[in-house]
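S.K.: Here the sequence shown is numbered in the working numbering, starting from 1 and rising by one per residue.
Keep in mind that the hints were calculated from the coordinates and are not lab data.
Here the structure is a predicted model, which means the values were calculated and not measured.
Here a beta-carbon is modelled for each residue, glycine too, at the ideal position from N, C-alpha and C.
Check each hint, because a few of them may be wrong.
Stated by the list, open to error - Label pairs and their in silico Cβ distance ranges:
| # | residue 1 | residue 2 | range |
| --- | --- | --- | --- |
| 1 | Arg9 | Phe337 | 16 to 26 Å |
| 2 | Leu24 | Leu281 | 36 to 46 Å |
| 3 | Val161 | Lys71 | 44 to 54 Å |
| 4 | Leu197 | Ser139 | 46 to 56 Å |
| 5 | Arg9 | Ala69 | 12 to 22 Å |
| 6 | Glu338 | Asn247 | 26 to 36 Å |
| 7 | Glu338 | Thr292 | 33 to 43 Å |
| 8 | Ser139 | Thr309 | 36 to 46 Å |
Stated by the list, open to error - Result set (SDA-like, lysine to any residue): computed pairs, CA atoms no more than 25 Å apart in a straight line:
| # | residue 1 | residue 2 |
| --- | --- | --- |
| 9 | Lys265 | Ala284 |
| 10 | Lys206 | Asn240 |
| 11 | Lys206 | Val218 |
| 12 | Lys67 | Thr283 |
| 13 | Lys222 | Lys277 |
| 14 | Lys206 | Asn247 |
| 15 | Lys138 | Ser165 |
| 16 | Lys72 | Asn247 |
| 17 | Lys105 | Ala26 |
| 18 | Lys265 | Lys303 |
| 19 | Lys105 | Ser179 |
| 20 | Lys355 | Asp279 |
| 21 | Lys303 | Asp261 |
| 22 | Lys72 | Lys222 |
| 23 | Lys138 | Gly209 |
| 24 | Lys138 | Val60 |
| 25 | Lys138 | Ile122 |
| 26 | Lys206 | Asp279 |
| 27 | Lys105 | Gly66 |
| 28 | Lys194 | Ala284 |
| 29 | Lys67 | Tyr275 |
| 30 | Lys206 | His239 |
| 31 | Lys105 | Ser36 |
| 32 | Lys277 | Gly66 |
| 33 | Lys222 | Ser165 |
| 34 | Lys67 | Ile49 |
| 35 | Lys355 | Pro295 |
| 36 | Lys277 | Arg9 |
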Amino acid sequence: MDEQNSRDRVIIRTSVIGILANILLASFKAFVGFMSNSIAIVMDAVNNISDAASSVITIVGTKLAGKEADKKHPFGYGRIEYISAMAISFLVLYAGITAFIESVKKIINPETPDYSTASLVIVAVAVLVKIFLGRYVKSVGEKVNSDSLVNSGEDATLDSVISASTLVAALIYLYFGLSLEAWLGAVIAAVIIKSGLEMLSDTLSKILGERADAALAVAIKKTIAGYPDVRGAYDLVLHNYGPDSYNGSVHIEVPDTMTADELDKMLRRITVDVYHKHDVLLTAIGVYSNNTRDPEIAELREKVREIATANPYVIQMHAFYIDKAEKTLRFDIVISFEASDRNLVYQDVLTRTQKEFPDYDIQIATDIDFSEILES
Numbered sequence: 001m002d003e004q005n006s007r008d009r010v011i012i013r014t015s016v017i018g019i020l021a022n023i024l025l026a027s028f029k030a031f032v033g034f035m036s037n038s039i040a041i042v043m044d045a046v047n048n049i050s051d052a053a054s055s056v057i058t059i060v061g062t063k064l065a066g067k068e069a070d071k072k073h074p075f076g077y078g079r080i081e082y083i084s085a086m087a088i089s090f091l092v093l094y095a096g097i098t099a100f101i102e103s104v105k106k107i108i109n110p111e112t113p114d115y116s117t118a119s120l121v122i123v124a125v126a127v128l129v130k131i132f133l134g135r136y137v138k139s140v141g142e143k144v145n146s147d148s149l150v151n152s153g154e155d156a157t158l159d160s161v162i163s164a165s166t167l168v169a170a171l172i173y174l175y176f177g178l179s180l181e182a183w184l185g186a187v188i189a190a191v192i193i194k195s196g197l198e199m200l201s202d203t204l205s206k207i208l209g210e211r212a213d214a215a216l217a218v219a220i221k222k223t224i225a226g227y228p229d230v231r232g233a234y235d236l237v238l239h240n241y242g243p244d245s246y247n248g249s250v251h252i253e254v255p256d257t258m259t260a261d262e263l264d265k266m267l268r269r270i271t272v273d274v275y276h277k278h279d280v281l282l283t284a285i286g287v288y289s290n291n292t293r294d295p296e297i298a299e300l301r302e303k304v305r306e307i308a309t310a311n312p313y314v315i316q317m318h319a320f321y322i323d324k325a326e327k328t329l330r331f332d333i334v335i336s337f338e339a340s341d342r343n344l345v346y347q348d349v350l351t352r353t354q355k356e357f358p359d360y361d362i363q364i365a366t367d368i369d370f371s372e373i374l375e376s
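Build out the structure end to end from the sequences listed, making use of the hints.
M.R.: See the structure below:
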């Protein structure tokens, strides 16, 4: 909890710095834009206002996301941060569309700008401030895993390019008498719109539910597989409930000689170990039994593994168990997302296994590769 509070304080402090900087920049740019009759600089000022609003949204989102879990939302409110990041994306899109409309109006009805040395100095300083602010906000966002801050930082970096381009346009007009104001405004708007769409796409992807981070998945499976009695960790599923907030489930393969008491103790240790090392709460650990009494079983397991993985779309076989008395043979296969028809893959493996073991009832479960595969 102390770590979460510290993270929230960092996000809020960084956002407040962004708000103050953007309001100050917007005020100067708006003044310069109106005094010099520059649509590009005015649109740049509008963009700074949208950045300040983005920081306000980030603060509100962080505060709401930090609420304790309750009866209505037992997994907490962490996903509100994704919603706030999406709101920032829409705000950036709105600013871009508005700027584009105004720039097109100026292209149709052009006006001559009137720059002063002071105005150009202000714009130049704004470029330097935005470069520093963008790098600072984004680096903090990456450090505390805040999509809202990362989006705000990327937007600020983009703003520095925009401000620099308005400065270049002003110099071109002063030295060559060629006014590119309105056209530059349209280009700036298009860049803002593109940035907003990319932010929105990235945030929606997280809300829909992305595949677990491969490094995290491998690390968790390595921790679990490190227990002497665990023969393999499979089917890891991680549910994301906000930045760095995961609940999950996993299957483990253990010797069929373990007692219920021994298994219970180990499962409890695994749950605590994974939570402390990876900050992931395993809400369920399923168990596959591994034949240990019959030496022939190991050979049969490898034979079935060869049959299953002979299909190019089968990336793993696990949970193998054979009951000679009841004539049943069961195992799971993980089918790649690249397979166009999962049922065809299943039927292929089933047919070839049944041909090899005609007297057995073949039971195959098909799994999805939710995370990076870690072979046992």
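S.K.: Looking back at the numbered hints, which does the structure fail to meet, lowest number first?
M.R.: Going through the list in order, the structure violates hints 1, 4, 18, 20, 21, 22, 27, 28, 33, 34 and respects the others.
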